[in-house]
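Asker: Sequence:
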Amino acid sequence: MNLVLCLTEQCNLRCTYCYYKETQAERKTVMDDETLEQAIRIGLERTILFKQHFFNITFFGGEPLVRREAIYKGVEFAKAIVADAMDNGRIDNTFILQFAVNTNGTLFDDEFFDFCEKEHFRIYLSLDGPEHHHNLARRTVSGTGSFKAIEKHIPRFVKLGAVALSTITRLHIDTIFESVKWLHEQGFQSLTTSVDFDGKWSGEEFDRLALQYQKMAQYWKECREKGEKFFLGTIHDKVKLVLLNSRYRNYSCHVYNGAIGVATNGNIFPCTRFITSQKDTPYVQGNVFTGFDEKACEKIHTFLDNDKQECEGCDIRYRCCAHECACTSFYTTGSIEGVSPEVCTHERMLAEICDNLIRS
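So for the sequence shown, the working numbering puts the first residue at 2; every next one is plus one.
To be clear, the hints were calculated from the coordinates, so they are not data collected in a lab. Beta carbons are placed, not taken as given, at the ideal position from N, Cα and C, and that holds for glycine. Some hints here could point you the wrong way.
[What the hints assert, rightly or not] Here are the simulated distance ranges between beta carbons:
{"no.": "1", "residue 1": "E205", "residue 2": "F55", "range": "19 to 25 Å"}
{"no.": "2", "residue 1": "G314", "residue 2": "L245", "range": "19 to 25 Å"}
{"no.": "3", "residue 1": "I49", "residue 2": "D356", "range": "37 to 43 Å"}
{"no.": "4", "residue 1": "A211", "residue 2": "H302", "range": "34 to 40 Å"}
{"no.": "5", "residue 1": "T282", "residue 2": "Q39", "range": "16 to 22 Å"}
{"no.": "6", "residue 1": "V142", "residue 2": "L50", "range": "40 to 46 Å"}
Based on the sequences and whatever the hints tell you, model everything.
Answerer: See the structure below:
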């Protein structure tokens, strides 16, 4: 189980493509300590209920390091209640507790790096590439680029095995491959790219994106053939699904029984992109103080068990984010049942590139 805790909606950046810029528009709310502890309790209980032996807590935002002390408190509280559950025989000594943080990297210092190393944190770092590429969209509140605040820490991020997360907008298209190669040359062995689907992508822009993906695919293949450790999720995931004859919902979509997202007010959501403290928002699964709304959870379970009618007969539907991923569907259409034409076009293009790579 992965418990995603939105410690705060506050953030020191104003990235142009932030998918929370509307649902967390005011950027004010924070999660208090009582909600933090209750969220960890209910996350552990859900993990035990589903007879799972892995409990990961991801500190999320906004920018979670705005509330660094809450991260420290959350780690100590989680370790204590897991130890208590183990002492009482509710879980055995094979149970794994792990921690992660999604961050823009600008607020790190040696103290927090040491803490992450001590607690074996998995770090997911929002870093688009070199300065000219990164600063196109990842800007501070005052409008300046954020790259310089991260650059000095890149060697330490690499040492701790951080995963680089790079977002592609229509402004980034022509320097994507260059940026992926640069990230790998800095030492990042695991990275992935994701597209900002804003409803404005043109056919010509997708053609340009395809050329960049082709270069990325060939570079990834060459690195693998040389025996280099290099996970490029953009390509790797599509290739792996074909070779394993698997599907995204079995491989990486964890709504219902694999992920819990908790907003600052304690409301529970099925995954990260749904999280907001706004009132009357869709897909709330309950609240940490009142428990899960099982009827609401069943709607998510039903999504996992059924195909979308619009995708019937599509030969790539089980490796297509438009069909398989609840987060992507919600983010691009406002509904987990929706299918975005943009995402559909993108997935067909990327699947063809990866299929050609397998055959080459």
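Asker: Could you run down the list of hints and mark each one as holding or not?
Answerer: Checked hints:
no., hint, in the structure
1, E205 with F55: 19 to 25 Å, "violated, 44 Å"
2, G314 with L245: 19 to 25 Å, "holds, 22 Å"
3, I49 with D356: 37 to 43 Å, "holds, 41 Å"
4, A211 with H302: 34 to 40 Å, "holds, 36 Å"
5, T282 with Q39: 16 to 22 Å, "holds, 20 Å"
6, V142 with L50: 40 to 46 Å, "holds, 41 Å"
In summary, the one numbered hint that this structure violates is 1.
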